[in-house]
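Model the full assembly from the supplied sequences, consistent with the hints where possible.
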Amino acid sequence: MGLTDDDLLLLAELAKGVTVDRVGRRLDVSGRTVRRRLRGICDRIGVATAIEAVAWAARRRLI
Numbered sequence: 001m002g003l004t005d006d007d008l009l010l011l012a013e014l015a016k017g018v019t020v021d022r023v024g025r026r027l028d029v030s031g032r033t034v035r036r037r038l039r040g041i042c043d044r045i046g047v048a049t050a051i052e053a054v055a056w057a058a059r060r061r062l063i
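Read in order, the letters of the sequence shown are residues 1 to 63 in UniProt numbering.
Worth flagging that the hints you see were computed from the coordinates, not collected in a lab.
Because the structure is a prediction, the values reported are computed rather than measured.
Glycine included, each C-beta is placed from N, C-alpha and C at the ideal position.
A hint or two may mislead.
[Stated by the list, open to error] Result set (DMTMM-like, lysine to aspartate or glutamate): computed pairs, CA atoms no more than 20 Å apart in a straight line:
id, residue 1, residue 2
1, K16, D6
2, K16, E52
3, K16, D28
4, K16, D5
[What the hints assert, rightly or not] Estimated spans, in silico, between C-beta atoms of each pair:
id, residue 1, residue 2, range
5, R61, R32, 28 to 36 Å
6, T33, G2, 12 to 20 Å
7, S30, R61, 24 to 32 Å
8, T19, A58, 17 to 25 Å
9, G17, R59, 12 to 20 Å
Written out as structure tokens, the structure is:
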């Protein structure tokens with residue numbers, strides 16, 4: 001799997017409906033950085049979109 005606590009926090013925020021830019025502000029990084037991290041998360045877990053990544057983590061009760 002290879003997801004960090006920060007990755008799971010990012011996915012949990014998205015699951016709440018928080019926008020990417022607002023997640024970036026909460027994590028003190030840019031929206032672009034959040035999008036880049038999301039792409040890395042998706043690649044690591046083998047999904048195509050952020051929504052799929054959130055669903056993947058939720059199904060496994062990680063968030």
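Numbered hints the structure breaks, given as an ascending list
Violated: none.
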